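Listed below are the residues making up each chain.
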Amino acid sequence: MSDTQVSRYEADELGFFGEDWGGRFMPEALVAALDELTDAWRDAMADPEFVAAFEKICREYAGAPSLLYHAERLSAQVGARVLLKREDLNHTGAHKIRNVLGQALLTQRMGKPRVIAETGAGQHGVASATAAAYFGLDCTVYMGAVDTRRQALNVARMHLLGAKVIPVESGSATLKDAINEALRDWVASVDQTAYLFGTAAGPHPFPSMVRDFTRGIGDEARQQCLDQYGVLPDAIAACVGGGSNAIGLFAAFLDDDSVEIHGFEPGGDGVETGRHAATIHAGDTGVLHGARTYVLQDEDGQTVESHSISAGLDYPGVGPQHAHLAAIGRATYAPVTDAQAMDALALLSRTEGIIPAIESAHAIHGGLEVARRLGAERGPDATVVINLSGRGDKDMGTAIEWFGLGDPDKVTAEPVGDPDTDPRAEDAEA
Amino acid sequence: MSDTQVSRYEADELGFFGEDWGGRFMPEALVAALDELTDAWRDAMADPEFVAAFEKICREYAGAPSLLYHAERLSAQVGARVLLKREDLNHTGAHKIRNVLGQALLTQRMGKPRVIAETGAGQHGVASATAAAYFGLDCTVYMGAVDTRRQALNVARMHLLGAKVIPVESGSATLKDAINEALRDWVASVDQTAYLFGTAAGPHPFPSMVRDFTRGIGDEARQQCLDQYGVLPDAIAACVGGGSNAIGLFAAFLDDDSVEIHGFEPGGDGVETGRHAATIHAGDTGVLHGARTYVLQDEDGQTVESHSISAGLDYPGVGPQHAHLAAIGRATYAPVTDAQAMDALALLSRTEGIIPAIESAHAIHGGLEVARRLGAERGPDATVVINLSGRGDKDMGTAIEWFGLGDPDKVTAEPVGDPDTDPRAEDAEA
Amino acid sequence: MSTNPSTSTAFDTARAEGRAALVGYLPAGFPSVEGSVEAIKVMVDAGCDVIEIGMPYSDPVMDGPTIQAAAQQALEGGIRTTDLMRVVEAVAATGAPTVVMTYWNPVEHYGGSRRTGRSGVELFAADLASAGGAGLITPDLTPDAGGEWIAAADEHDLDKVFLVAPSSTPERIAMTTAACRGFVYATAVMGVTGARTTTSDLAAPLVARTRETTDLPVGVGLGVSNGDQAAEIASYADGVIVGSAFVRALLDHPDDLPGGLRALRALTEDLAAGVRRA
Amino acid sequence: MSTNPSTSTAFDTARAEGRAALVGYLPAGFPSVEGSVEAIKVMVDAGCDVIEIGMPYSDPVMDGPTIQAAAQQALEGGIRTTDLMRVVEAVAATGAPTVVMTYWNPVEHYGGSRRTGRSGVELFAADLASAGGAGLITPDLTPDAGGEWIAAADEHDLDKVFLVAPSSTPERIAMTTAACRGFVYATAVMGVTGARTTTSDLAAPLVARTRETTDLPVGVGLGVSNGDQAAEIASYADGVIVGSAFVRALLDHPDDLPGGLRALRALTEDLAAGVRRA
Ligand SMILES: Cc1ncc(COP(=O)(O)O)c(C=O)c1O
Ligand SMILES: Cc1ncc(COP(=O)(O)O)c(C=O)c1O
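Residue numbers (the working numbering), protein chains in the order written: chain C, 108 to 537; chain A, 108 to 537; chain H, 94 to 371; chain F, 94 to 371.
Quick caveat, the hints were computed from the structure, so don't treat them as lab data.
Check each hint, because a few of them may be wrong.
Keeping only pairs whose Cα atoms sit at most 25 Å apart, straight-line, the calculated DMTMM-like set for lysine to aspartate or glutamate is [as the list claims (entries may be wrong)]:
hint, chain 1, residue 1, chain 2, residue 2
1, A, 219, A, 334
2, H, 134, H, 220
3, C, 163, A, 292
4, C, 163, A, 326
5, A, 219, A, 326
6, C, 163, A, 179
7, A, 163, C, 412
8, C, 163, A, 334
9, C, 163, A, 167
10, F, 134, F, 182
11, A, 219, F, 348
12, A, 219, A, 292
13, A, 219, A, 179
14, C, 219, C, 167
15, A, 271, A, 292
16, F, 134, F, 294
17, A, 163, A, 334
18, A, 163, C, 120
19, A, 163, C, 179
20, C, 219, A, 376
Pair ranges (Cβ atoms, derived) [to be verified]:
hint, chain 1, residue 1, chain 2, residue 2, range
21, A, 411, C, 334, 51 to 61 Å
22, C, 435, H, 370, 35 to 45 Å
23, C, 298, H, 370, 33 to 43 Å
Just so you know, these numbers come straight off a predicted model, no measurement behind them.
Ideal Cβ positions, reconstructed from N, Cα and C, are used throughout, including at glycine.
Okay, chain C solo, but in the shape it has when bound (with noise of 0.2 Å):
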């Protein structure tokens, strides 16, 4: 991390990735905060001190580097190596504790008592209520009450963990309306209260930042790789909501022109259906929550809902850095739908012990399909990382759900969920 260098890739002054991409749509209310934390952020990413004390916590905390793992049984099937990048072992049981510590990190540095979040399912909420646990802090967590209601588990986590949960009861109470209140809290509260902002998106110096404490993920896996196998990966991938966990993936490999980089979307009932989360492949440019970069908005520029069976894709906007990343070309960003990631979730599940989160299912079906064609076209050393960002242990009522096996009175003696036939078309009872 000490040495990331600036590059093409990197953001300017203002914030603009290739010019075009991110910046700072905020109110002045909040630039004084903003310029601040890019200061601490600059400061803290040039001091060997802070990198160091990160690194330790990430390590001895956190449980970094995590494993890149060969899934043997995976590869063989798809004729390619395919290793997994196993975030899904860190604490709390996704990449987003790096992200968190470093930001809590940040605001210990700063000198400031509390944090606030926003959160959708939970995830990040519980990630932050952890950090702030971790370093004594004050922690607030804004939820939309309808996402309160639908995750109760996470509300309570992140309640043992200290953290108070404010139901947002305006908009539609999901995440866009606990990130405009959590915007609010700390427009009015700026001077003792650090934003611990979710995801590689929102003004900068976020994108940038959170990719900076989300980049071990890549500097990690290129470093294995090397070890390992002696070769960088022909191909890296992960799945795309707000970007974190790919972004954090990419920013390692952008110099080497040799491997591909894909994102994967939430591609929801298909994209033609318009009922879908891939921003980048079917959005159009705009601003939202404080970066210009791919938003789903109607002909007016008003945000419209999205939808994917996986509540931490499920993000109407994508971090800059990857608008642009995919304007130039560099990344690719192709759609996932909920039916392919899920049967990825079976297919990880069964062949390898793994159970994915289903954000992360989205990235195994995309890099399995690349893993399959760089197969046939470089033979089994061709090498695909594909980052399994988290665990899927949360998602086990929507597996329920989706696999059909509905009313635990009737368990059945068989597995389910046969990952090669369509799973909704077997009955639960077999």
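Once you've looked at the hints, dock chains A, H and F with the ligands against the given chain C.
What follows is chains A, H and F with the ligands alone, placed relative to chain C:
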């Protein structure tokens, strides 16, 4: 593991620890299978290739060595150095993965294509299904029908992982009935089938074999403590259900006479109420599931129901090596009540940002008591290693009920379960 | 090139009368498109010197719950940006200088997809000017990110009202006021919109710091809900900006527009008296 | 020193008649303590040569669902080990050699806590002998783990019936039969108790292997449900052991003991004819 020595703590040829504990009280029909297993296990443990393969899987798939984490805020609170062995960061979230990977690897070595397992709340079933998926083995899990209904999420996990789950309707339709049913399956299918037993109990060789597969916990912790602090711990602590995580920790320290060894048993509502599962502390000697050990039983030797808030500790028997260690005074076993464990769960969550399994919370409570005493006696360098055997995600439903979170429609804006007060005394709506 | 009066003319008039200007805000389409026109006409009639018409937006990070509720009602009623232009046209026809206040994306996206290559900003400026609008308040666009808007506004002779805040550095205040036309919008509290019972003691120093950098009039928002507060602000500012209190007057009379309009008129008169009392 | 007849006497009698012995099993306390006595008396009366009385146990790893259901019913009815002794006494009084079949823990724990230092095993043997019991079948105790029991049984002149299985090695069969008294119990299928429609082809070779090591009679369980199967087994074994089928006869007549007893009698007669048909 390869340098496990035959010591006075090892079982004899018939599987007895200290002549009295353990053994093999099993139908003759299973003796050949148990003998075969004993031979295969002895042979495997003496084979450097097997040991290396096991260590490789633990390292590359399960995430071993798990961290030995210095909990600084807890340490400050109790006045001694508290080190947590982070088995919660293992793949599938508990120490149990070590055991099933070891047994599944042995199954593969024995050329059997099928494994069976019993499970209570589902943790060992999920672990077994995981190991079976990893090794491509056929897997059938027996689970009490009452439990399949209570633990539909874990049933779904097993199904996703490709296992069959057979609800057992007989008896009380819970864990012990599942064990009975699995043993019956095994009697009828030994040629093709290995029985992956879930804890360090049961007939010889299971108590010794499971210990060998979990003793990485202690071997790692001992080395990590020496490497990181230059000393052996003053005390070690673990929770004791069947005893696999505890014996896995203890094994490495048995010959270190300076190291106090503490097992914490589920005290339920309090041993004096009779509603508990503190088998060693309050049970009586007897034979259960093939071994002579401490058993919760009535005057006629009929097993009585155990009670614990923690499903994983809710077992009326205990591994025979623990009975032996207790009998000779090498280890002490004390009960921790439901309330004490839940307080410890809240305390660890809030203080370190780690939500432990309720099982492990028993060890946290007990271990902190030991740390407080040793800190007072020997000063703040007194070192206590507590095994954090698993993560608490699976226990959020119980935590919600316990701390009175109740109706998700009425989420509170305040944290709950303040560890400084009786959590149940608080109003969740406050 | 628009020939619409700049809002500064209204401030000049007020200044000539030895008082502060009253600036009133209401979202377009609330309680309906026609209702908002009617309501704003009442506000003009009862003493507002300058009108801000809000464009409801799906993600209003700066709005408090009152204004957000109104905007959401308007969105649910199907308000479109073209409706905004109709409201502007109707209000501007009264002669009161009329500015639009909007989050940035609807402007950038005006007229449809940017992927087509057209600039929404230029088109928005043109349509706003021809509707009779005086200019634009941009709560989430600062001058350093506002190059395209500044160019379009200059092209169409529109007011550019940027915000200053208590947390703004002197450099930023200078940079911001240098880019403003019409007036400068001083956000008086570190927080969101919403009626408060006492005004902020951050406001007066902010106005003073702003005046050091510009001769433009300085309007002060947020949080004014009655004539006394208006009088207090009028003692040091050139304009008193009121929004949530007007919205509340209408929200308090659901399904009773006449009642809402009566309350609105009474409130406007109280505030107008306030700005004259200082 | 007990003076109760060893089960071997019944096998001797049968052998003298040129047939196999019929060994019948029922759990004590099923359907009630009195009911089990009545039922077993019917079995003796209708042709059982040897009686096995099961002690219901909370964790019956060897039992199939039929016997487990009966045992559970007995446990729910409150059966105690002292009741078992009462049943033994009543059955032994008929003159039929009567053995107990029980999992090990109730024996080891007989008479209360071992923490008191008393040996439950010794006490159990003494009480069994004085109740007229002939001995004990121990499904989960093998001779190599049975030292204490062997000593107590020898002390009280009781039969020690250990099990051999198709998977047993020759060495283990020899070791087991050497420790047996009364008869040897050959478990005929690799599996659990429960009536089956055809008998196992594992049984005959097991009996042959067992006979190579001992002169004791060899009884064959499990899975016999009718006279034809009994006849088949009787063609190569010294005794035919029947359990689940008897239990099922009673289970099939819930709350109708007379009906159950009639069925039991008919089944016993069919089986008794079977062992005479070989
Ligand atoms: C496991 C996991 N992966 C991915 C995401 C998507 O976020 P991002 O695109 O910022 O990585 C989430 C968000 O909740 C997540 O939980
Ligand atoms: C996390 C955890 N710890 C401990 C236990 C108790 O088992 P044992 O005593 O065998 O370690 C369990 C059992 O489910 C468990 O899940």
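So, going through the hints one by one against the coordinates:
Restraint check: the Cα-Cα separation between residue 219 of chain A and residue 334 of chain A comes to about 40 Å, which exceeds 25 Å; the hinted pair is violated. Distance check on the hinted pair: residue 134 of chain H and residue 220 of chain H sit about 21 Å apart at the alpha-carbon level, within 25 Å; holds. With a C-alpha separation of about 49 Å, the suggested pair residue 163 of chain C and residue 292 of chain A falls outside the 25 Å cut-off, and the hint is violated. With a C-alpha separation of about 23 Å, the suggested pairing of residue 163 of chain C with residue 326 of chain A holds against the 25 Å cut-off.
A C-alpha spacing of about 29 Å is found between residue 219 of chain A and residue 326 of chain A, which places the hinted pair above 25 Å, so the restraint is violated. At most 25 Å may separate the alpha-carbon atoms for a hinted pair to count; residue 163 of chain C and residue 179 of chain A meet this at roughly 14 Å. For the given pair, residue 163 of chain A sits about 46 Å from residue 412 of chain C by alpha-carbon distance, which is inconsistent with the 25 Å threshold. Note on residue 163 of chain C and residue 334 of chain A: the hinted pairing holds, with a Cα-Cα distance of about 16 Å set against a maximum of 25 Å.
The hinted pair formed by residue 163 of chain C and residue 167 of chain A meets the criterion: a straight-line CA distance of about 21 Å does not exceed 25 Å. Under the criterion of a C-alpha separation no larger than 25 Å, the hint pairing residue 134 of chain F with residue 182 of chain F is consistent with the structure, at around 12 Å. Between residue 219 of chain A and residue 348 of chain F, the direct Cα distance comes to roughly 47 Å. Violation of the 25 Å bound is thereby established for this hinted pair. For the hint linking residue 219 of chain A to residue 292 of chain A, the alpha-carbon distance of about 15 Å falls within 25 Å, and the restraint holds.
Our distance criterion of 25 Å between C-alpha atoms is broken by residue 219 of chain A and residue 179 of chain A, whose separation comes to about 47 Å. A C-alpha spacing of about 24 Å is found between residue 219 of chain C and residue 167 of chain C, which places the hinted pair at or below 25 Å, so the restraint holds. Only pairs whose Cα atoms come within 25 Å are accepted, and residue 271 of chain A paired with residue 292 of chain A is accepted, the gap being roughly 13 Å. Proximity of residue 134 of chain F to residue 294 of chain F is assessed by CA-CA distance (about 32 Å); at most 25 Å being required, the pair is judged violated.
At roughly 21 Å between alpha-carbon atoms, residue 163 of chain A and residue 334 of chain A fall within 25 Å of each other, so this suggested pair holds. Under the criterion of a C-alpha separation no larger than 25 Å, the hint pairing residue 163 of chain A with residue 120 of chain C is inconsistent with the structure, at around 47 Å. This hinted pair checks out: residue 163 of chain A and residue 179 of chain C have alpha carbons roughly 14 Å apart, not beyond 25 Å. Of the supplied pair hints, the one linking residue 219 of chain C and residue 376 of chain A is violated, its CA atoms being roughly 43 Å apart against a limit of 25 Å.
Restraint check, residue 411 of chain A to residue 334 of chain C: a C-beta distance of roughly 55 Å satisfies the suggested window 51 to 61 Å. In this structure the hint that residue 435 of chain C and residue 370 of chain H lie 35 to 45 Å apart at CB is violated, the actual value being about 60 Å. Between residue 298 of chain C and residue 370 of chain H the CB atoms are about 34 Å apart, so this pair conforms to the stated range of 33 to 43 Å.
Hints 1, 3, 5, 7, 11, 13, 16, 18, 20 and 22, counting from the list given before, are not met by this structure.
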